[in-house]
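Protein sequence lines correspond, in order, to chains A and B. Mapping to our numbering: the first sequence position 10 is 3, numbers consecutive. In our numbering, each residue's number is its place in the second sequence (first place is 1) plus 42.
Worth flagging that the hints you see were computed from the coordinates, not collected in a lab. A quick note: this is a predicted structure, and the numbers were derived from the prediction, not measured. There could be a bad hint or two in this list.
Keeping only pairs whose Cα atoms sit at most 25 angstroms apart, straight-line, the calculated DSS-like set for lysine-lysine is [stated by the list, open to error]:
{"#": "1", "chain 1": "B", "residue 1": "Lys157", "chain 2": "B", "residue 2": "Lys146"}
{"#": "2", "chain 1": "B", "residue 1": "Lys81", "chain 2": "B", "residue 2": "Lys61"}
{"#": "3", "chain 1": "B", "residue 1": "Lys68", "chain 2": "A", "residue 2": "Lys24"}
{"#": "4", "chain 1": "B", "residue 1": "Lys81", "chain 2": "B", "residue 2": "Lys113"}
{"#": "5", "chain 1": "A", "residue 1": "Lys24", "chain 2": "B", "residue 2": "Lys269"}
{"#": "6", "chain 1": "B", "residue 1": "Lys81", "chain 2": "B", "residue 2": "Lys68"}
{"#": "7", "chain 1": "B", "residue 1": "Lys157", "chain 2": "B", "residue 2": "Lys450"}
{"#": "8", "chain 1": "A", "residue 1": "Lys25", "chain 2": "B", "residue 2": "Lys68"}
{"#": "9", "chain 1": "A", "residue 1": "Lys25", "chain 2": "A", "residue 2": "Lys93"}
{"#": "10", "chain 1": "A", "residue 1": "Lys55", "chain 2": "A", "residue 2": "Lys25"}
{"#": "11", "chain 1": "A", "residue 1": "Lys93", "chain 2": "A", "residue 2": "Lys58"}
{"#": "12", "chain 1": "A", "residue 1": "Lys24", "chain 2": "A", "residue 2": "Lys58"}
{"#": "13", "chain 1": "B", "residue 1": "Lys146", "chain 2": "A", "residue 2": "Lys24"}
{"#": "14", "chain 1": "B", "residue 1": "Lys113", "chain 2": "B", "residue 2": "Lys157"}
{"#": "15", "chain 1": "B", "residue 1": "Lys269", "chain 2": "B", "residue 2": "Lys61"}
{"#": "16", "chain 1": "A", "residue 1": "Lys92", "chain 2": "A", "residue 2": "Lys25"}
{"#": "17", "chain 1": "B", "residue 1": "Lys68", "chain 2": "A", "residue 2": "Lys92"}
{"#": "18", "chain 1": "B", "residue 1": "Lys269", "chain 2": "A", "residue 2": "Lys25"}
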Amino acid sequence: MAEKTKTNKEDFIPLTVEFSGGLEMLFSNQKKHDVSIPARDESGNSSNIAFLVRYLCDNLMKDPKKEFFIQDNTVRPGILVLINDADWQLEGEDEYEVKKGDNILFVSTLHGG
Amino acid sequence: MPPPCTRCQSERAVIVRPKNYDKLCKTCFLEVFEAEVHKTITTNALFYPGERVAIGASGGKDSTVLASVLKTLNTRHGYGLDLILLSIDEGITGYRDHSLETVKRNAVQYDLPLKVLSYTELYGWTMDQVVEQVGKKGNCTYCGVFRRQALDRGAASLGVRHVVTGHNADDVAETVLMNLLRGDLPRLSRTASIVTSTPSSAQTDIKRSKPLKYAYEKEIVLYAHHKNLDYFSTECIYSPEAFRGSARTLVKDLERVRPSSILDIVRSGEDMATLVPASVAPKAASGRESRYGGENVSVVYDLDEGTGGCGSANGRDSGGEMARMEHQLRTDQNAATHGLETEVTMASLGTPTSGSSIAVGVRPSHVQMKKANGKGLRQQTAGACERCGYISSQAVCKACVLLEGLNKNRPKASIGIEKTNDSETLDKGLAKVTLAEKKRQQVAQTEL
Ligand SMILES: [Zn+2]
Ligand SMILES: [Zn+2]
């Protein structure tokens, strides 16, 4: 679902995604990734967190254990999402529409205490 | 932009609190979190001035937050505690050696003394060696049983009588659910108790408490995040199936639907615990209770020998618990079918219909069988392992049984505890179900 026909700069949104709490292990053991994601999702709507998660699964995650990150087409329960360091619940959760330069942090609470 | 903080009305909120949906800024959140742990400590009278307290430190988020908060509160409120970090080195290359580095940094960061005790010192075996011998399947059993005793033994060796662990509200909710599903009321009551006591020898009894019992895992993780705490997070490499099909998943799914459900489960667990008759909930022997805490605290004996598997003693179950439970239930079913004894023990409840006993059974069929056999229902009794003195409901504790099996195949290993002749094993949490000797050996062979 990455690039469609035309790939103008405006069609993509650059952001930083970070993984911690053990989630980074699913993403090549790298905590911080600079990515550019399509500005529109599959149905032409502005890209939101739910789409970002699907996009990361398909394009960034090499580990086959997708279910440790995604469940029912959104972030798996037990993974905290911080949008620019704020709880995603303050921002509309997975319906938050990502903006240029956003920092999205995914923290697993599922790994060992 | 996020809304302003509902407490100070000025800063930008960074968290929605799961327990009450308060939107708090970073400063207010850190303050409120610490104040609530302080309240848990004072209302339950967890400590006395001058007490030596060992913090079970794994390098993970829970124990790291616990160490940080206790250090902060000890200074702020003048608890007068003598705190020490106690870490167990299981000897797992690539896992514990990394997390131990974190604990060592924590010791410096929080200016706390650190004691690291290795499995080699305690048992004569590293987990790597255990896995080499028994294979990856079933090694979580060793991890859980050994780990369960290790903190107590470590504390005893330091002359410390109180170990605090990083168990949080999510952990407690998870175990409450598990024990509810198992119908294991005695264990449920232990789980729900904020203080337990595990005498590791006739003389020394070690008190255990969970100061973070009412703290949501979400808040623990965000506390660590906003305070920039240094913690280590990875799954134990010997439990690849971690959190698949676990009660953990259930708890997290419930939280997504209704965050307050976690504390609701914890409170339900506490309320259900009060329904457990004293004869079944292994309370501390009289006179022992008074040594600790205030009036609100009841010390409960913890006979759990760590069959929950890898990690359960250090902060959480590793997952796969439900699968293990199903397996156990099937095993019991087979045992019943084949006429092997399966004993359901449960003391009579002091209800109006006194004299009659109520069996909180695994399945009705077992209860029927029991009654037909005319066998009495017995409570779990707290004795000491005849080999090592550690508390056990059996003559020989699980660690000694496991060690015997290991040492048989490697006779040169003799450090620590050795030679047992029993082969009781793996009741997988069905504490009241004691299996007949013959069956024990069968189970031991299939599972190890
Ligand atoms: Zn505030
Ligand atoms: Zn023993």
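Evaluated hints:
Under the criterion of a C-alpha separation no larger than 25 angstroms, the hint pairing B/Lys157 with B/Lys146 is consistent with the structure, at around 10 angstroms. Only pairs whose Cα atoms come within 25 angstroms are accepted, and B/Lys81 paired with B/Lys61 is accepted, the gap being roughly 16 angstroms. For the proposed pair B/Lys68 and A/Lys24, the alpha carbon gap of about 23 angstroms is at most 25 angstroms, so the pair holds. At most 25 angstroms may separate the alpha-carbon atoms for a hinted pair to count; B/Lys81 and B/Lys113 meet this at roughly 15 angstroms.
Annotation: proposed proximity of A/Lys24 to B/Lys269 holds, straight-line Cα distance about 18 angstroms (limit 25 angstroms). For the suggested pair B/Lys81 and B/Lys68, the alpha carbons sit about 20 angstroms apart, so the restraint of at most 25 angstroms is met. For the given pair, B/Lys157 sits about 31 angstroms from B/Lys450 by alpha-carbon distance, which is inconsistent with the 25 angstroms threshold. Proximity of A/Lys25 to B/Lys68 is assessed by CA-CA distance (about 23 angstroms); at most 25 angstroms being required, the pair is judged to hold.
The suggested pairing of A/Lys25 with A/Lys93 holds, with an alpha-carbon distance near 16 angstroms, which does not exceed 25 angstroms. This hinted pair checks out: A/Lys55 and A/Lys25 have alpha carbons roughly 15 angstroms apart, not beyond 25 angstroms. Among the hinted pairs, A/Lys93 with A/Lys58 is inconsistent with the structure: their alpha-carbon atoms are about 29 angstroms apart, more than 25 angstroms. Our distance criterion of 25 angstroms between C-alpha atoms is met by A/Lys24 and A/Lys58, whose separation comes to about 17 angstroms.
A distance of roughly 23 angstroms separates the Cα atoms of B/Lys146 and A/Lys24; the hinted pair therefore holds under the 25 angstroms criterion. With a C-alpha separation of about 17 angstroms, the suggested pairing of B/Lys113 with B/Lys157 holds against the 25 angstroms cut-off. A distance of roughly 21 angstroms separates the Cα atoms of B/Lys269 and B/Lys61; the hinted pair therefore holds under the 25 angstroms criterion. This hinted pair checks out: A/Lys92 and A/Lys25 have alpha carbons roughly 18 angstroms apart, not beyond 25 angstroms.
This hinted pair checks out: B/Lys68 and A/Lys92 have alpha carbons roughly 23 angstroms apart, not beyond 25 angstroms. Pair hint B/Lys269 plus A/Lys25 holds up; C-alpha atoms about 19 angstroms apart against a cutoff of 25 angstroms.
Violation of the numbered hints given earlier is confined to hints 7 and 11; the remaining hints are satisfied by the structure.
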